[in-house]
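*Asks:* The sequence shown begins at 12 in our numbering and counts up one residue at a time.
Please keep in mind that the hints were generated in silico from the structure rather than gathered at the bench.
Each hint should be verified, as a subset may be incorrect.
In the DSS-like style, the derived pairs of lysine-lysine whose C-alpha atoms are separated by at most 27 Å in a straight line are [to be verified]:
{"hint": "1", "residue 1": "Lys125", "residue 2": "Lys95"}
{"hint": "2", "residue 1": "Lys33", "residue 2": "Lys45"}
{"hint": "3", "residue 1": "Lys114", "residue 2": "Lys125"}
{"hint": "4", "residue 1": "Lys13", "residue 2": "Lys120"}
{"hint": "5", "residue 1": "Lys13", "residue 2": "Lys114"}
{"hint": "6", "residue 1": "Lys45", "residue 2": "Lys68"}
{"hint": "7", "residue 1": "Lys48", "residue 2": "Lys33"}
{"hint": "8", "residue 1": "Lys23", "residue 2": "Lys125"}
{"hint": "9", "residue 1": "Lys134", "residue 2": "Lys13"}
Please read these numbers as outputs of a predicted model, since none were measured by experiment.
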Amino acid sequence: MKIVGIDADSRKIAIVCFNNSKLLCHELLISHSKDSKQRLYDLIMLFEKQIKVVKPKVVYIEEAIFIQNFRTSRAISEVIGNIKVVLSRCGIDYVTVPVNTWKKMIIGKGNASKDEVKSFILKQYSDLYGCEQDIFDA
12 MKIVGIDADS RKIAIVCFNN SKLLCHELLI SHSKDSKQRL YDLIMLFEKQ
62 IKVVKPKVVY IEEAIFIQNF RTSRAISEVI GNIKVVLSRC GIDYVTVPVN
112 TWKKMIIGKG NASKDEVKSF ILKQYSDLYG CEQDIFDA
């Protein structure tokens with residue numbers, strides 16, 4: 012079964028795609044726009060184009076985390092909300108997953124550090140060596 016994992020923030024969407032535990036692709040979608048509305052539009056257009064190529068059965072989206080800066084937290088939530096709209100329009104199932112939950116399921120430790128996550132994943136998927144941390148979070 013083809014599945015996708017997503018880690019989103021206000022400027023980037025990291026995507027990893029697997030088919031029966033085999034890594035198929037990974038992509039980091041980025042908007043460099045300084046205008047928040049344009050950045051959101053750019054990201055969602057890039058995401059929609061990519062997800063229509065990948066055509067997964069289900070997408071797992073890392074749940075938005077609360078950040079001290081309200082505007083940043085809102086921007087992340089807007090990106091995730093728009094991702095859900097795109098997936099719904101494409102007829103693709105999705106699940107939002109809290110950070111600690113996916114870390115516990117994948118690594119066995121809900122409070123694993125970013126370095127622990129990266130090290131664990133690289134042992135299984137050495138093709139990801141050199142990727143940005145966002146890819147490992149996805």
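*Asks:* It remains to establish, for every hint, whether it holds in the given structure.
*Replies:* Going down the list of hints, with the structure as the test:
Of the pairs offered as hints, the one joining Lys125 and Lys95 holds, with about 25 Å between alpha carbons and a cut-off of 27 Å not exceeded. Distance restraint check for Lys33 and Lys45: the Cα-Cα separation of roughly 36 Å exceeds the 27 Å cut-off, and the hinted pair is therefore not satisfied. For the given pair, Lys114 sits about 10 Å from Lys125 by alpha-carbon distance, which is consistent with the 27 Å threshold. Proposed proximity of Lys13 and Lys120 is supported: the alpha carbons are some 25 Å apart, at most 27 Å.
A C-alpha spacing of about 20 Å is found between Lys13 and Lys114, which places the hinted pair at or below 27 Å, so the restraint holds. With a C-alpha separation of about 34 Å, the suggested pairing of Lys45 with Lys68 is violated against the 27 Å cut-off. A threshold of 27 Å between alpha carbons decides the hint, and for Lys48 with Lys33 the separation of about 36 Å lies outside it, so the pair is violated. In summary, the hint linking Lys23 to Lys125 is supported, as the alpha carbons are separated by about 17 Å, within the 27 Å threshold.
Proposed proximity of Lys134 and Lys13 is supported: the alpha carbons are some 21 Å apart, at most 27 Å.
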